[in-house]
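Asks: This is what each chain is made of:
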Amino acid sequence: DAKTTQPPSMDCAEGRAANLPCNHSTISGNEYVYWYRQIHSQGPQYIIHGLKNNETNEMASLIITEDRKSSTLILPHATLRDTAVYYCIVRVNNAGNMLTFGGGTRLMVKP
Amino acid sequence: KAGVTQTPRYLIKTRGQQVTLSCSPISGHRSVSWYQQTPGQGLQFLFEYFSETQRNKGNFPGRFSGRQFSNSRSEMNVSTLELGDSALYLCASSDGGGYTFGSGTRLTVV
Numbered sequence: 013d014a015k016t017t018q019p020p021s022m023d024c025a026e027g028r029a030a031n032l033p034c035n036h037s038t039i040s041g042n043e044y045v046y047w048y049r050q051i052h053s054q055g056p057q058y059i060i061h062g063l064k065n066n067e068t069n070e071m072a073s074l075i076i077t078e079d080r081k082s083s084t085l086i087l088p089h090a091t092l093r094d095t096a097v098y099y100c101i102v103r104v105n106n107a108g109n110m111l112t113f114g115g116g117t118r119l120m121v122k123p
Numbered sequence: 003k004a005g006v007t008q009t010p011r012y013l014i015k016t017r018g019q020q021v022t023l024s025c026s027p028i029s030g031h032r033s034v035s036w037y038q039q040t041p042g043q044g045l046q047f048l049f050e051y052f053s054e055t056q057r058n059k060g061n062f063p064g065r066f067s068g069r070q071f072s073n074s075r076s077e078m079n080v081s082t083l084e085l086g087d088s089a090l091y092l093c094a095s096s097d098g099g100g101y102t103f104g105s106g107t108r109l110t111v112v
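Same order as they appear, the protein sequences are chains A and B.
The first sequence begins at 13 in the working numbering and counts up one residue at a time.
The second sequence begins at 3 in the working numbering and counts up one residue at a time.
Calculated from the structure, these hints are not laboratory results.
The structure displayed is predicted, hence computed values, not measured ones.
Even for Gly, the Cβ is constructed at its ideal location relative to N, Cα and C.
Check the hints yourself; a few may be wrong.
Every beta carbon over 12 Å from chain A, so not counted as near; a handful from chain B, in silico [what the hints assert, rightly or not]:
{"no.": "1", "residue": "V21"}
{"no.": "2", "residue": "S67"}
{"no.": "3", "residue": "N73"}
With beta-carbon atoms standing in for the labels, derived distance ranges [claimed, not checked]:
{"no.": "4", "chain 1": "A", "residue 1": "H52", "chain 2": "B", "residue 2": "T82", "range": "27 to 35 Å"}
{"no.": "5", "chain 1": "B", "residue 1": "P10", "chain 2": "A", "residue 2": "E70", "range": "26 to 34 Å"}
{"no.": "6", "chain 1": "B", "residue 1": "G64", "chain 2": "A", "residue 2": "K15", "range": "23 to 31 Å"}
{"no.": "7", "chain 1": "A", "residue 1": "T84", "chain 2": "B", "residue 2": "G98", "range": "22 to 30 Å"}
In isolation and in its complexed conformation, chain B is listed as follows (with noise of 0.2 Å):
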C-alpha cells in the first residue's frame, strides 16, 4: 500500500507570494490533516479535511487555505508568504483511527 505522498518535497519562495502544496493520502483514506513545523513553535495543527469539508481548524491566519477533491487529495494554499512561514508542512491522512504522515514539503521564504 502506498504512503501519503507529499509534492514537492522542497520549496523556495518569495515574500509576498503564494505557494500551493499537494498531499495524496493513503488509498481510501478520507481524512486529511495538515500540520506546520517550526522549531520555535513545534507541530501544530492547521486545518483537516474529510470529505471534501473542511472539519476542523487549528489557530492559524486566513492566509492559510486549503481545499480536498473527491479523490480525497488535498492541497493547502499560503498567501502573501511572510518569512516567518517558512517551516516543514506535513500531511497526514487517516481512515477515521491512527495517522500515517507524509514526509514534509520544506518551504523556505525568501
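So here's chain A without its partners, still in its complex pose (with noise of 0.2 Å):
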C-alpha cells in the first residue's frame, strides 16, 4: 500500500470547517483513499473513501486532486465531538486487504 503523510496536528473553530489534507504521492491507479478517525480510546470509525471523484456522505467530503496524490477531508461544520485523531489511508480495495495506519493528525476542535 502507498505511504501517506498527514500534519501531526490542526486546530480548528468551533462551526468552521475543519480540512485536513494527505499526501499519498506513489498512489497506485487501483488505490482507494480512505479516512477513519480515532476518538480517544475507541476503535476506528470509518469516515469516507473514494478513488479519483469526490465524494460527500452524512459527516464530511473527500476531496481528491486530478493526479490523485494529494487530498483532503473536509468536516464542514466541525463540533468538539470530531475532536479524534485522522488516519489517511490508501489500500487496494481488495477482501483480505489490511489497513496500513499511518501516525494521523490529530484534531483539536476548540471552542
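Each of the two chains sits in its own frame; use the hints to bring them together as a complex.
Replies: The following block contains the structure:
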C-alpha cells in the first residue's frame, strides 16, 4: 500500500470547516483513499473513501486532486465531538487487504 | 444491526501468563482482523481470518496467534506475556469492503 503523509496536529474553531490534508504521491491507479478517525480509546470509525471523484456523505466530504497525489477531508461544521485522530489510508479495495495506519492528524476542535 | 463486540473490555495480566481475547463480528461478516495499538508503535496489523483460515499476517512473533470459528467469531491468544504487550487490541470485521472496528480490549501486563 502507498505511504501517506499527514500533519501531526491541527486546530479548528467549533462551527467552522475543518480541512485535513493528506499526501499520497505514490498512490497506484487501483488504490482507494480511505479516511478513518479514532476518538480517544475507541476503535477507529470509518468516515469516507474514494478513488478519483470527490465524495460526500453525511459525515464529511473527500476532495481528491486530479493527479490523485493528495486529498483533503472536509468536516463542514466541526463540533467538539469531532476532536479525534484522523487517519488517511490508501489501499487496494480487495477483500483481505489490511489497513496500514500512519500517525494520523490529531484534530482539536476548540470552542 | 449489532456492531463488533470485543470481550473483555479491560484485562490485567502478569508477565509470563497467557491471555485470550474474543471478537464477535457483525452478523454476516466473514472477515475478522486484529490490530494492536500502543503509544509508541501506533496501530499495527496482527492478522486476518476469513472462513476459519488465516489469510494475512503482520510482523509479530509467534506468541501472538488467533483462530476463527465457523460462526465467524474470532479469538486471539498471546502466550508468555511481556510488559511490552500492554496495548489496546482492536478487532475489525468486514464483508469484503470497509472495516468496522470494535471498541477494543485494553490489556495491561504487570
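Asks: Can we trust that B/V21 is non-interface, i.e. its beta-carbon lies farther than 12 Å from all of chain A?
Replies: holds (19 Å)
Asks: Is it true that B/P10 and A/E70 lie within 26 to 34 Å of each other by Cβ?
Replies: holds (33 Å)
Asks: Beyond 12 Å on every Cβ pair: is that true for B/S67 relative to chain A?
Replies: holds (17 Å)
Asks: Holds or violated: 23 to 31 Å for the Cβ distance of B/G64 and A/K15?
Replies: With Cβ atoms ~28 Å apart, the hint holds.
Asks: May I ask you to test the hint 22 to 30 Å on the CB atoms belonging to A/T84 and B/G98?
Replies: holds (28 Å)
Asks: Measuring from beta carbon to beta carbon, are A/H52 and B/T82 in 27 to 35 Å?
Replies: Holds: the Cβ-Cβ distance is about 30 Å, inside 27 to 35 Å.
Asks: B/N73 clear of chain A by more than 12 Å, beta carbon to beta carbon?
Replies: With a cut-off of 12 Å, B/N73 remains clear of chain A, as the shortest Cβ separation is near 19 Å.
The structure meets every hint from the earlier list without exception.
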